[in-house]
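Heads up: the sequence lines are chains A and B, in that order.
Okay, so the first sequence: first residue is 1 according to our numbering, each after it adds one.
Okay, so the second sequence: first residue is 1 according to our numbering, each after it adds one.
Possibly wrong hints are sitting among the right ones.
Unchecked claim - Pairs of lysine to aspartate or glutamate, EDC-like flavour, derived with a Cα cap of 16 angstroms:
id: 1; chain 1: A; residue 1: Lys79; chain 2: B; residue 2: Glu88
id: 2; chain 1: A; residue 1: Lys75; chain 2: B; residue 2: Asp94
id: 3; chain 1: B; residue 1: Lys230; chain 2: B; residue 2: Asp296
id: 4; chain 1: A; residue 1: Lys79; chain 2: B; residue 2: Asp94
id: 5; chain 1: B; residue 1: Lys23; chain 2: B; residue 2: Asp63
id: 6; chain 1: A; residue 1: Lys12; chain 2: B; residue 2: Asp94
What the hints assert, rightly or not - Cβ pair distances, simulated, as ranges:
id: 7; chain 1: A; residue 1: Leu162; chain 2: B; residue 2: Pro77; range: 28 to 38 angstroms
id: 8; chain 1: A; residue 1: Leu243; chain 2: B; residue 2: Glu24; range: 45 to 55 angstroms
id: 9; chain 1: B; residue 1: Gln35; chain 2: A; residue 2: Leu105; range: 51 to 61 angstroms
id: 10; chain 1: A; residue 1: Gly223; chain 2: B; residue 2: Glu130; range: 58 to 68 angstroms
id: 11; chain 1: A; residue 1: Val194; chain 2: B; residue 2: Gly28; range: 45 to 55 angstroms
id: 12; chain 1: B; residue 1: Pro77; chain 2: A; residue 2: Lys47; range: 52 to 62 angstroms
id: 13; chain 1: B; residue 1: Pro77; chain 2: A; residue 2: Leu134; range: 36 to 46 angstroms
id: 14; chain 1: B; residue 1: Asp225; chain 2: A; residue 2: Ile161; range: 45 to 55 angstroms
id: 15; chain 1: A; residue 1: Val39; chain 2: B; residue 2: Glu130; range: 54 to 64 angstroms
id: 16; chain 1: B; residue 1: Asp207; chain 2: A; residue 2: Thr159; range: 56 to 66 angstroms
Hints listed in this document are in silico derivations from the structure and should not be mistaken for laboratory results.
None of these values were measured; they are calculated from a predicted model.
Cβ atoms here follow ideal geometry from the backbone N, Cα and C, with glycine treated the same way.
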Amino acid sequence: MTILVIARNTFKEAVRDRILYLLFFFSALTIGLARVLAVLTVGDRVKVVKDVGLASIGFFGALMAILIGTGLVYKEIEKRTIFTLISKPIRRAEFLLGKFCGLVLTLAVMIGAMTVVFLFVVFLHTGAFESRMLLAVFFIFLELVLLTAVAILFSSFSTPILSALFALSFYLIGHFSWSIETLIKKTAPGTGRVILRIIATILPDLENFNIKTEVVQNLPLPGTLWLGAVGYSVVYTAFVLLLAVVIFRRRDFV
Amino acid sequence: MGNVLELRDVRKTFRPGFIPKKKEVLKGVSFTVAQGEIFGYLGPNGAGKTSTIKCVLGLIFPDAGSISLFGRSPLDPRSKEKLGFLPENPYFYDYLSAREFLDFYAQLFRVPKAERAGRIDRLLRLVDLESAADVHLRKFSRGMLQRVGLAQALINEPEFVILDEPLGGLDPLGRKDIRDIILGLRDAGKTVLFTSHILQDIEMICDHVAIVVGGRIQNLGRLSDLVSEKILFTEVTVSGVDEEALARFGKRVSIRDGRILLKVFDEADVQPLLDAVRERGGRIHALVPRTQTLEDIFVETVARQ
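Go ahead and model the full structure; you've got the sequences and the hints to work with.
Now the structure itself:
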């Protein structure tokens with residue numbers, strides 16, 4: 001109940017933040033520009049629209065999660081609004097989870113709005129409502145939920161600029177960590193390979209949520225892919241939130 | 001009557017900075033606040049007032065000592081069910097209107113929806129903000145923020161209210177209004193702990209007082225016990241008399257527009273002084289006996305440190 005009340009207030013705070021609309025405007029612009037790009041392309045124009053559109057939703061969604069998420073908790077501490085909040089009968093964990101849920105709700109609404117624009121642009125090309133695109137958007141959303149948790153984790157102990165840098169690094173590392181697998185294959189068995197294996201396990205692999213190729217190319221989506229992505233998102237998000245709660249629980253608000 | 005709040009030897013040290021340097025802000029603070037009283041917590045800037053309150057609210061963790069709020073730990077959310085708090089220099093969610101703001105806090109206390117609107121209207125009326133109910137807090141002046149902050153501190157109809165500098169940023173009329181609200185709370189059987197730099201206000205409304213200096217309680221007790229009713233000196237303003245003739249009665253403080261202000265330290269000298277003025281055909285404009293005030297005790301305590 002308390003988490004819901006804080007989530008609702010966080011949602012209100014986020015949707016009254018102008019940066020959200022600026023990012024939405026640019027994402028809609030990019031999705032719209034995909035149509036222009038398609039005209040200039042030789043080959044499958046619809047594929048370009050879908051690729052650019054989904055990439056735009058993913059990128060601007062990530063920016064929203066990072067830019068808003070990293071400021072949410074910090075602002076409460078910096079502006080001392082947390083003093084009044086913690087003096088109420090709520091647990092610190094409830095505060096943090098409420099912030100997380102509020103931002104996830106905001107992202108759901110914004111991703112929903114971006115998807116409407118995207119599906120409309122796709123409709124202009126194909127003349128059909130492509131429900132399969134929603135699958136790719138759902139996977140993007142799973143990734144953003146994890147990214148939100150990471151942004152809140154950093155925000156619980158660091159400044160917004162540093163938190164944004166950390167969260168952005170997490171996002172970039174997450175999308176390129178698959179290359180470590182290639183490195184492992186090229187490394188001779190031994191200590192080096194073990195160390196690389198450990199690093200590969202610890203680092204996030206956000207490519208788990210990238211099914212754009214499968215969706216755009218109409219390739220089959222096996223159940224294990226679904227289960228793997230949902231499971232990965234849930235477990236990783238829960239772990240990051242738990243870490244944030246542990247750090248936040250013992251923090252002095254000076 | 002039971003104690004609402006008990007602090008026993010509370011200690012807190014901060015280690016700020018990249019290379020931590022110890023800063024002991026509370027050096028064993030102990031006091032109790034009994035049910036139904038107004039407790040004034042005073043101290044100069046940096047004495048540890050806000051740090052003490054933060055410990056009580058669970059915003060910072062004491063290194064040693066114990067705190068009991070309604071018989072529970074401050075970290076137990078149940079201890080805050082009947083607590084109201086107004087922070088110093090309140091900053092609130094400026095994207096909310098006053099009504100939305102109060103509704104948010106009412107929901108945190110699980111006040112039923114049917115009850116919320118009525119309670120919010122009543123509180124807005126109490127703090128004289130009815131006309132600004134739907135204005136966003138970013139457009140509020142400091143005094144208005146203080147008022148809406150007081151309303152949020154009362155949203156759960158608390159039994160114990162902690163007010164950190166509630167009279168700061170208010171004009172004299174606003175201060176009187178808040179003072180009246182605090183007295184109204186006591187009349188309703190509530191307990192109030194408040195800090196203030198404005199000693200006059202504390203003197204006017206507090207039952208018990210604690211003076212904290214350098215992280216230690218230096219003076220604690222009933223206000224009536226702390227402040228003696230003994231006359232310290234008498235200020236007498238006279239005119240139409242030669243200044244030299246009055247020198248033996250007391251110390252001349254000033255002469256302005258022919259009026260001499262004298263400080264008479266011995267009560268026994270007051271009547272002879274008045275007789276001397278009359279004999280010389282002079283005029284007595286004012287005679288003010290000065291008893292000890294809280295300010296005297298405060299200044300004395302701080303100076304001792």
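Results for each hint:
{"no.": "1", "hint": "A:Lys79 - B:Glu88", "in the structure": "12 angstroms, holds"}
{"no.": "2", "hint": "A:Lys75 - B:Asp94", "in the structure": "12 angstroms, holds"}
{"no.": "3", "hint": "B:Lys230 - B:Asp296", "in the structure": "13 angstroms, holds"}
{"no.": "4", "hint": "A:Lys79 - B:Asp94", "in the structure": "10 angstroms, holds"}
{"no.": "5", "hint": "B:Lys23 - B:Asp63", "in the structure": "12 angstroms, holds"}
{"no.": "6", "hint": "A:Lys12 - B:Asp94", "in the structure": "11 angstroms, holds"}
{"no.": "7", "hint": "A:Leu162 - B:Pro77: 28 to 38 angstroms", "in the structure": "31 angstroms, holds"}
{"no.": "8", "hint": "A:Leu243 - B:Glu24: 45 to 55 angstroms", "in the structure": "31 angstroms, violated"}
{"no.": "9", "hint": "B:Gln35 - A:Leu105: 51 to 61 angstroms", "in the structure": "42 angstroms, violated"}
{"no.": "10", "hint": "A:Gly223 - B:Glu130: 58 to 68 angstroms", "in the structure": "60 angstroms, holds"}
{"no.": "11", "hint": "A:Val194 - B:Gly28: 45 to 55 angstroms", "in the structure": "53 angstroms, holds"}
{"no.": "12", "hint": "B:Pro77 - A:Lys47: 52 to 62 angstroms", "in the structure": "54 angstroms, holds"}
{"no.": "13", "hint": "B:Pro77 - A:Leu134: 36 to 46 angstroms", "in the structure": "40 angstroms, holds"}
{"no.": "14", "hint": "B:Asp225 - A:Ile161: 45 to 55 angstroms", "in the structure": "54 angstroms, holds"}
{"no.": "15", "hint": "A:Val39 - B:Glu130: 54 to 64 angstroms", "in the structure": "59 angstroms, holds"}
{"no.": "16", "hint": "B:Asp207 - A:Thr159: 56 to 66 angstroms", "in the structure": "44 angstroms, violated"}
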